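**Student:** Could you put the whole structure together from the sequences, leaning on the hints where they help?
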Amino acid sequence: MTIHINELPDTVLLGIFSLLASQRTYNLCRMRLICRRWRDLATDSSLWRTISFPNNKRLNIEVLKNIFSWCTNVKEVDLTHCSLVDDGCLEIIAENCPTLRVLKVRNCKVTDFGLEKISSSCRNLESFTISYHDSQSITSEAVNEFITKCPELKEIRIFEEEQDEEYENTFEISPELIRNLMSSTVKIFHCENASFLSEDIFRVSNTNVSLRLQELGLPNCLDLTNTMMYSLTNRCSSLKVLDVSHCPGLNDSGIIALTEFCPLLEHVNVMACQCITDIAIESIARHCPNLRFLCVAGCELPKPMGNITDVAIQTVADLCTKLEDLNVKWCQGVTDIGISAIATSCPHLSHLNVSGCLAISDVSILVVAAHCKNLKSLDVTECLRITSIGINSIAQNCMKLCHLDMQVCSYMCNLDFRCNATVSLPLRHIDLSYCTKITDECLKHITWLCHNLTFISLAGCHRITSTGMKFIAQNCHELQYLDISYRGLQSSIHLTDESIVLLGQNCRHLAYLDLIGCWNVTKECVRIILECCKYLSQLNISQICEPDAVCTQGQRLRNMVLQYRSSCDPVRVSKTTRNGKLAESFILYMSALNL
Numbered sequence: 001m002t003i004h005i006n007e008l009p010d011t012v013l014l015g016i017f018s019l020l021a022s023q024r025t026y027n028l029c030r031m032r033l034i035c036r037r038w039r040d041l042a043t044d045s046s047l048w049r050t051i052s053f054p055n056n057k058r059l060n061i062e063v064l065k066n067i068f069s070w071c072t073n074v075k076e077v078d079l080t081h082c083s084l085v086d087d088g089c090l091e092i093i094a095e096n097c098p099t100l101r102v103l104k105v106r107n108c109k110v111t112d113f114g115l116e117k118i119s120s121s122c123r124n125l126e127s128f129t130i131s132y133h134d135s136q137s138i139t140s141e142a143v144n145e146f147i148t149k150c151p152e153l154k155e156i157r158i159f160e161e162e163q164d165e166e167y168e169n170t171f172e173i174s175p176e177l178i179r180n181l182m183s184s185t186v187k188i189f190h191c192e193n194a195s196f197l198s199e200d201i202f203r204v205s206n207t208n209v210s211l212r213l214q215e216l217g218l219p220n221c222l223d224l225t226n227t228m229m230y231s232l233t234n235r236c237s238s239l240k241v242l243d244v245s246h247c248p249g250l251n252d253s254g255i256i257a258l259t260e261f262c263p264l265l266e267h268v269n270v271m272a273c274q275c276i277t278d279i280a281i282e283s284i285a286r287h288c289p290n291l292r293f294l295c296v297a298g299c300e301l302p303k304p305m306g307n308i309t310d311v312a313i314q315t316v317a318d319l320c321t322k323l324e325d326l327n328v329k330w331c332q333g334v335t336d337i338g339i340s341a342i343a344t345s346c347p348h349l350s351h352l353n354v355s356g357c358l359a360i361s362d363v364s365i366l367v368v369a370a371h372c373k374n375l376k377s378l379d380v381t382e383c384l385r386i387t388s389i390g391i392n393s394i395a396q397n398c399m400k401l402c403h404l405d406m407q408v409c410s411y412m413c414n415l416d417f418r419c420n421a422t423v424s425l426p427l428r429h430i431d432l433s434y435c436t437k438i439t440d441e442c443l444k445h446i447t448w449l450c451h452n453l454t455f456i457s458l459a460g461c462h463r464i465t466s467t468g469m470k471f472i473a474q475n476c477h478e479l480q481y482l483d484i485s486y487r488g489l490q491s492s493i494h495l496t497d498e499s500i501v502l503l504g505q506n507c508r509h510l511a512y513l514d515l516i517g518c519w520n521v522t523k524e525c526v527r528i529i530l531e532c533c534k535y536l537s538q539l540n541i542s543q544i545c546e547p548d549a550v551c552t553q554g555q556r557l558r559n560m561v562l563q564y565r566s567s568c569d570p571v572r573v574s575k576t577t578r579n580g581k582l583a584e585s586f587i588l589y590m591s592a593l594n595l
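First residue of the sequence shown: 1, per the UniProt record's numbering; consecutive thereafter.
Treat the hints as calculated values from the structure; they're not laboratory data. As the structure is a prediction and not an experimental result, all values here were calculated from the model. Keep in mind that a hint or two might mislead.
Computed cross-link-like contacts, DSSO-like style, restricted to lysine-lysine with a CA-CA straight-line distance of at most 27 Å [to be verified]:
no., residue 1, residue 2
1, Lys149, Lys65
2, Lys109, Lys57
3, Lys187, Lys149
4, Lys376, Lys437
5, Lys104, Lys117
6, Lys57, Lys534
7, Lys373, Lys322
8, Lys240, Lys376
9, Lys117, Lys65
10, Lys65, Lys109
11, Lys154, Lys104
12, Lys104, Lys75
13, Lys117, Lys149
14, Lys117, Lys75
15, Lys376, Lys322
16, Lys240, Lys154
17, Lys65, Lys75
18, Lys437, Lys470
19, Lys373, Lys400
**Tutor:** Okay, here's the thing in structure tokens:
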């Protein structure tokens, strides 16, 4: 017997709506448009405990007022990267969400005024994430208010707003904020580009005061020194996560002091701390046996073998067998010896980044394939000694692999994964940019085995033709990101309208498509892409035309996009001539449905 969905009782429909809402808040907004009954059910307050609209460029105060007209029990609000959200929006949230526990407004136009409204009304707040766009927008005083007025607060994350500035702003941490942190319940504190007035800021008269911090992040902090690290960490015996990436004032002494007081450390990020050497990493390994994450990417001074070598990596392998994530990007002193030691001693390894390590070859990659059955992510970008032998072995043995990055592996050819054709791999992200020996035959095998791919980059792969595009279109229906561009003097004569149209018709979740350098793509093809791919928000395209004094190429493209979208912002990135005609490349930013 067949039952129509509208014959189900309200309680059952609410259960279905709740499941869909847990996946994406947008689903509730769309269900409200179906019929009057669904509209009423979709506004049930039980479905709106979490309001999540990240990356929405059109969300404004009027939309929030409408949403909060039926939301009375909101616990979490995520408006990350919503550029129109400002203090007025925070005021609406404060008025309507007295039981709010989580607030995320990173890269929104908020200031101390809006935060004061939240801290005064949302006393149960446990976590907030904000960003500042200058030294006056968000201050230590506003953060202090949160700590004072919200006794349940456990997590504070402060970021610099993403913007194209020639200089970086800093967030000045006041002595009052440090004192408040020491007496608060805050367990996670992360502040990007922090600055301090003096080295004594972490020193307090009561030496018995201990911070409850379990996670500390001070990335890009130019003021952080070894002395400050010592003063801070000797009161953080519970610390499990430390991020001091891009802090040039730290060296081995500061990290050694840290490890003596923080034996519970599980996550250490010292990326681009160029004074960190093997000595500090060995100290971490000896004192922190629970280490699960280690990032030493870019810890390089101009030494022949670099600061970080196999000596430290082997010590980590011997003493930190719980390691799950290792990033040694551009550490030229790390070779097959160190990576092989990690692979054989750390069976839980799930993420490995050896990009730019020129001494890494198939030798260690084969060891990783044999021992690391839990591997989920591998980055071998610019590892020129790695070939398809190693990567095929990884694909054959690491059946949990989701992310594979192989940019500029110039000798990568005959890549077929050599897996049983009946076994589907969970791979979702593959980057083959500038692997110039990759062919259609490689794509045939990859797409046949990896139906869940959402990200494919084939930039600069000049051997790929329309045949390869058809393999992608036929097998990768979940694809969201595709780059088949040709930059510089490169161009493609192998990709035709037919294959790109098939791509648009079959891969309807595309949100990003880069066709720069594909000069054979016509405007009619672009029209079909726009019509089929409702989620497409960025299209990069090259066009050839006769010069037109009345209407520029950018205007023509914009007018065409506006037939299918409510807004379009074309940006020209290059202008040349080809065979006497005008050849231009554009990035088309457009409005689109959110995935």
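**Student:** Quickly compare the C-alpha distance for Lys240 and Lys376 to 27 Å and report which way the hint goes.
**Tutor:** holds (23 Å)
**Student:** For a C-alpha distance cap of 27 Å, please report whether Lys104 and Lys117 respect it.
**Tutor:** holds (15 Å)
**Student:** Checking one constraint from the list: CA of Lys376 to CA of Lys322, max 27 Å. Satisfied?
**Tutor:** Holds, because 16 Å separates the two Cα atoms, which is no more than 27 Å.
**Student:** Is the Cα-Cα distance between Lys117 and Lys149 27 Å or less?
**Tutor:** It holds: about 11 Å lies between the C-alpha atoms, which stays within 27 Å.
**Student:** If you draw a straight line from the CA of Lys154 to the CA of Lys104, is it 27 Å or shorter?
**Tutor:** holds (14 Å)
**Student:** Within 27 Å, alpha carbon to alpha carbon, are Lys57 and Lys534?
**Tutor:** holds (16 Å)
**Student:** For the pair supplied as a hint, Lys104 and Lys75, is the alpha-carbon distance within the 27 Å limit?
**Tutor:** holds (12 Å)
**Student:** Would the pair Lys437 and Lys470 pass a check requiring their Cα atoms to be no farther apart than 27 Å?
**Tutor:** holds (19 Å)
**Student:** Given the hint that Lys373 pairs with Lys400, does the C-alpha gap stay at or below 27 Å?
**Tutor:** Within the cut-off at roughly 7 Å; holds.
**Student:** Assess, step by step, whether the Cα of Lys187 is no farther than 27 Å from the Cα of Lys149, and give holds or violated.
**Tutor:** holds (16 Å)
**Student:** Mind checking the alpha carbons of Lys117 and Lys65 for me, to see if they're no more than 27 Å apart?
**Tutor:** Roughly 16 Å between the alpha carbons, so the hint for Lys117 and Lys65 holds.
**Student:** Please verify whether Lys149 and Lys65 have alpha carbons no more than 27 Å apart.
**Tutor:** Status holds; Cα separation ~25 Å.
The structure meets every hint from the earlier list without exception.
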